[in-house]
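Participant: Single-letter residue listing:
Number of protein chains: 2
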Amino acid sequence: MQIGVLGGGQLGRMMALAGYPLGLKFRFLESVQDAPVDDLADRVTARYDDEAALTRFAGGLDIITYEFENVPASSAKFLARSHAFFPPPDVLDVAQDRLTQKNFFKKLGIPTAPFAQVDSRADLDAAVQQHGLPGILKTRRSGYDGKGQMLLKSADDVERAWKTLGNSPLIFEGFVPFEREVSIVAARSRTGETAFYPLVENHHREGILRLTLAPAPNLTKELQAEAERCARRIFDDFNYVGVLTIEMFQHGGRLLVNEMATRVHNSGHWSIEGSETSQFENHLRAGLGLPLGLSHALHPSAMINLIGTTPPSEKILAIPGAHLHLYGKSAAPGRKLGHVTIVEPDTARLMEKVRQVQALL
Amino acid sequence: MQIGVLGGGQLGRMMALAGYPLGLKFRFLESVQDAPVDDLADRVTARYDDEAALTRFAGGLDIITYEFENVPASSAKFLARSHAFFPPPDVLDVAQDRLTQKNFFKKLGIPTAPFAQVDSRADLDAAVQQHGLPGILKTRRSGYDGKGQMLLKSADDVERAWKTLGNSPLIFEGFVPFEREVSIVAARSRTGETAFYPLVENHHREGILRLTLAPAPNLTKELQAEAERCARRIFDDFNYVGVLTIEMFQHGGRLLVNEMATRVHNSGHWSIEGSETSQFENHLRAGLGLPLGLSHALHPSAMINLIGTTPPSEKILAIPGAHLHLYGKSAAPGRKLGHVTIVEPDTARLMEKVRQVQALL
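These protein sequence lines are chains A and B, in that order. Letter by letter, the first sequence follows residues 14 to 374 in this note's numbering. Letter by letter, the second sequence follows residues 14 to 374 in this note's numbering.
Hints listed in this document are in silico derivations from the structure and should not be mistaken for laboratory results. Some hints here could point you the wrong way.
Said to hold, decoys possible - Chain A is faced by these chain B residues, among others (derived, beta-carbon under 8 angstroms): (1) 30; (2) 34; (3) 35; (4) 36; (5) 38; (6) 121; (7) 289; (8) 298; (9) 304; (10) 306; (11) 331; (12) 333; (13) 334; (14) 341.
All C-beta atoms, glycine included, are put in the ideal place defined by N, C-alpha and C.
Here chain A stands alone, though its shape is the one from the complex (with noise of 0.2 angstroms):
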């Protein structure tokens, strides 16, 4: 079997290493010199929008998936044609603009922040006297990692934020009191199978995630029952194959549903030590219709993220137990570079490991 995936970064390069030993052989399309997958797998380089590049990438392929959420749905939907593909092409159209999404969580009865279309600095001033402040102003499209959003605490910051970003389309979001994020992970094969991951527990820093701690503590049956319900009607509603993360905001025993990635995630990286079956594994299994592997968290873990540089590896790896991931990337200010992850059936050690890893950054 050969799989395609479009986007060559450090999803992909998981991917292809959870694949290796299903027996599957990959081949990247991505547009950038120089990407994580570039070691271990056949790519193409060429833009993602470049449909004689894709014919070209889709020849002799089985089956095609993505590791990078800004795939022009447009592209998907070209290779949909003639080849199998998940998650379905039209999943992208939703989850590409944050103001559809939004509106799709409506329509799906899932509870979100409030939120308003921005389109003009009339827009803006309603939301803003509709929902107060503080809130946070975004581009419907292409943010990631914090880019493209704004938060906004005075007037002077909504002039400001409307300076900046003004010049494209925008979701204003109110502002909402929470304890955590958190995030689950889940897969949908074709055969129609599901497969949850715990919710997990996310920290971000400058807006880049930094540390997910597995299964999220003190995380009870009817919150993951409730993260669960969320999954499964996006999965039903688009007939979804594939893995899906959705990010939440948890208030007291409610989740509100902040965004969803149509794709494997940083917040389950966790999986590939910490569960039986990572996410890439599952990911690759739910688009093949092979049976779902076990999702459960072997033991509590702990993900950090390896961001703008990387320590010395013999320093991470002198701490017990404590498992490395570099992506082969060149150091850059907020690029991650790499994680570490941590299982250790003991939480109180799992902190401790957890700030010597933090020691080191």
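Knowing the structure of chain A, use the given hints to seat chain B on it.
Facilitator: Here is chain B on its own, set in the frame of chain A:
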């Protein structure tokens, strides 16, 4: 870091899969077309004794190792002149000759079955006379998976074995009663640090490993300590670097060493899921002088080899917790095409799943 590996089979493939997360790059030297590493790494195709090709292969490499034990010692020594090379090339002189190996064990005070050098029919008769039948006649070089050896039970067998094997330098090994075959995988870093995996129990059929149970059921501390003492003596004598495997017979509370493999080993594959750190990762860490990773068994594990043919993947993956490893090889009788590992705290359930896998073979 660019790692060179002599041999491009499944051991190399799993070594690369273990090394990519450490940020390592790989280049393989392999003499045959269609090798398991082809999909996922650079490779040079050449004979192992082609010095021009070795030089081409070695260009730009930081360190070189092997995954194939019949690499010519002269080639290893040639590469070691210009590059860091592990395990030390001298090891191959000993490991590749069963008689030299047995004499080496004797020198170190490591117990073995009785043995005798056989260079003539008269030698063979003398050996049979001295040690009695049954016994095993083996070629001193190039045997693996039961090839190049014959069991002698009768005078007829002696005659037949001499006709078949008599053209090569031979070793006669006296029969020793034993309850089971076990092996230990151990690693020694270039810093001198050591790590020992638990002794495992191995089940062969037709000379080929079929099943490994890790740790060996009813493993005692004393037996583990005895196996580690053997490994330490070999480590110290060679100033060894990398993973070493020692295959042994257990009789009562005693171990008799059968042979060593100076490389990662089929009986260590369980460690990919069954230990914090796989034998492949620890081999690389050892060569690079990185701290060795934890090598205890997380839970009881079983590794079942897929020989000759592979069942449909969906049948294996339908067994909860079954980890499939396919090597990308074409089917052929007696060929190792993959393996399945199960890690399961409950031993009865582990054995039930083993039977489920075996029922598919």
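Participant: Against this structure, judge whether each hint is valid.
Facilitator: Now the hints, each set against the structure:
no.	hint	verdict
1	30	6 angstroms, holds
2	34	5 angstroms, holds
3	35	6 angstroms, holds
4	36	3 angstroms, holds
5	38	5 angstroms, holds
6	121	31 angstroms, violated
7	289	5 angstroms, holds
8	298	7 angstroms, holds
9	304	4 angstroms, holds
10	306	7 angstroms, holds
11	331	4 angstroms, holds
12	333	5 angstroms, holds
13	334	5 angstroms, holds
14	341	6 angstroms, holds
Hint compliance for this structure: hint 6 is the single one not met.
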